[in-house]
Amino acid sequence: GENVEQHPSTLSVQEGDSAVIKCTYSDSASNYFPWYKQELGKGPQLIIDIRSNVGEKKDQRIAVTLNKTAKHFSLHITETQPEDSAVYFCAARHQAGTALIFGKGTTLSVSS
Amino acid sequence: SQTIHQWPATLVQPVGSPLSLECTVEGTSNPNLYWYRQAAGRGLQLLFYSVGIGQISSEVPQNLSASRPQDRQFILSSKKLLLSDSGFYLCAWSTDAPRETQYFGPGTRLLVL
Numbered sequence: 001g002e003n004v005e006q007h008p009s010t011l012s013v014q015e016g017d018s019a020v021i022k023c024t025y026s027d028s029a030s031n032y033f034p035w036y037k038q039e040l041g042k043g044p045q046l047i048i049d050i051r052s053n054v055g056e057k058k059d060q061r062i063a064v065t066l067n068k069t070a071k072h073f074s075l076h077i078t079e080t081q082p083e084d085s086a087v088y089f090c091a092a093r094h095q096a097g098t099a100l101i102f103g104k105g106t107t108l109s110v111s112s
Numbered sequence: 001s002q003t004i005h006q007w008p009a010t011l012v013q014p015v016g017s018p019l020s021l022e023c024t025v026e027g028t029s030n031p032n033l034y035w036y037r038q039a040a041g042r043g044l045q046l047l048f049y050s051v052g053i054g055q056i057s058s059e060v061p062q063n064l065s066a067s068r069p070q071d072r073q074f075i076l077s078s079k080k081l082l083l084s085d086s087g088f089y090l091c092a093w094s095t096d097a098p099r100e101t102q103y104f105g106p107g108t109r110l111l112v113l
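Protein sequence lines correspond, in order, to chains A and B.
If you're matching positions, the first sequence starts at 1 in our numbering and goes up one per residue.
If you're matching positions, the second sequence starts at 1 in our numbering and goes up one per residue.
Calculated from the structure, these hints are not laboratory results.
Model, not experiment: these values are computed from the prediction.
From the three backbone atoms N, C-alpha and C, an ideal C-beta is built for every residue, glycine too.
Keep in mind that a hint or two might mislead.
Said to hold, decoys possible - Taking lysine-lysine pairs in the DSBU-like style, the calculated list, with each CA pair at most 30 Å apart, reads:
1. LYS71(A) / LYS57(A)
2. LYS68(A) / LYS104(A)
3. LYS22(A) / LYS71(A)
4. LYS104(A) / LYS80(B)
5. LYS79(B) / LYS42(A)
6. LYS22(A) / LYS58(A)
7. LYS80(B) / LYS42(A)
8. LYS57(A) / LYS22(A)
To be verified - Quick look at which bits of chain B chain A covers, simulated, 3 or more residues with Cβ under 8 Å:
9. 64 to 73
10. 105 to 113
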């Protein structure tokens, strides 16, 4: 089955700096890779996703890159702000109709 | 637009007591529904998922069960809670469209004492 590894588990940056979170997956047939942001005491919220036929996707300060050959994908947050502080989860899905497999999460802290 | 509700928001229960958590989705038909558990400081563990009424798949053998009595209602239950059942329980939904993104509810925090 699919296995998703996420690094680092914690990340501290200064406001305005960039943050990068990396995930690797094991199943080369996986084709959908979402990223979720979870604030304290709330459910995870989808922030960006990418499909296997695309190498990079951007949405304002957030971007995701996918390297299918190496089986890894990354979340990039530029110009970080204190409100970006949260736990971020990556996930991978093998095929439609199956459940997402999540990484263990990264706690991002942005200090002003 | 679609919305997902969970209740209760928080729950404190004694060991050995029963449990019933409810999840409902509005604004969509025939969604796929999921129950996850998140232990403190840990990732998301898929417990059950359902592709239709009465259709439940269990991912992890445990003290919990799930039921789907209606199209947009998903219930997580236990006959006798264990201390290890404490955690943050999340319900999610997705559609059968190719995108099939999962959208999470606000969660229920369960503390078993």
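Non-conforming hints, listed in increasing numerical order: 9
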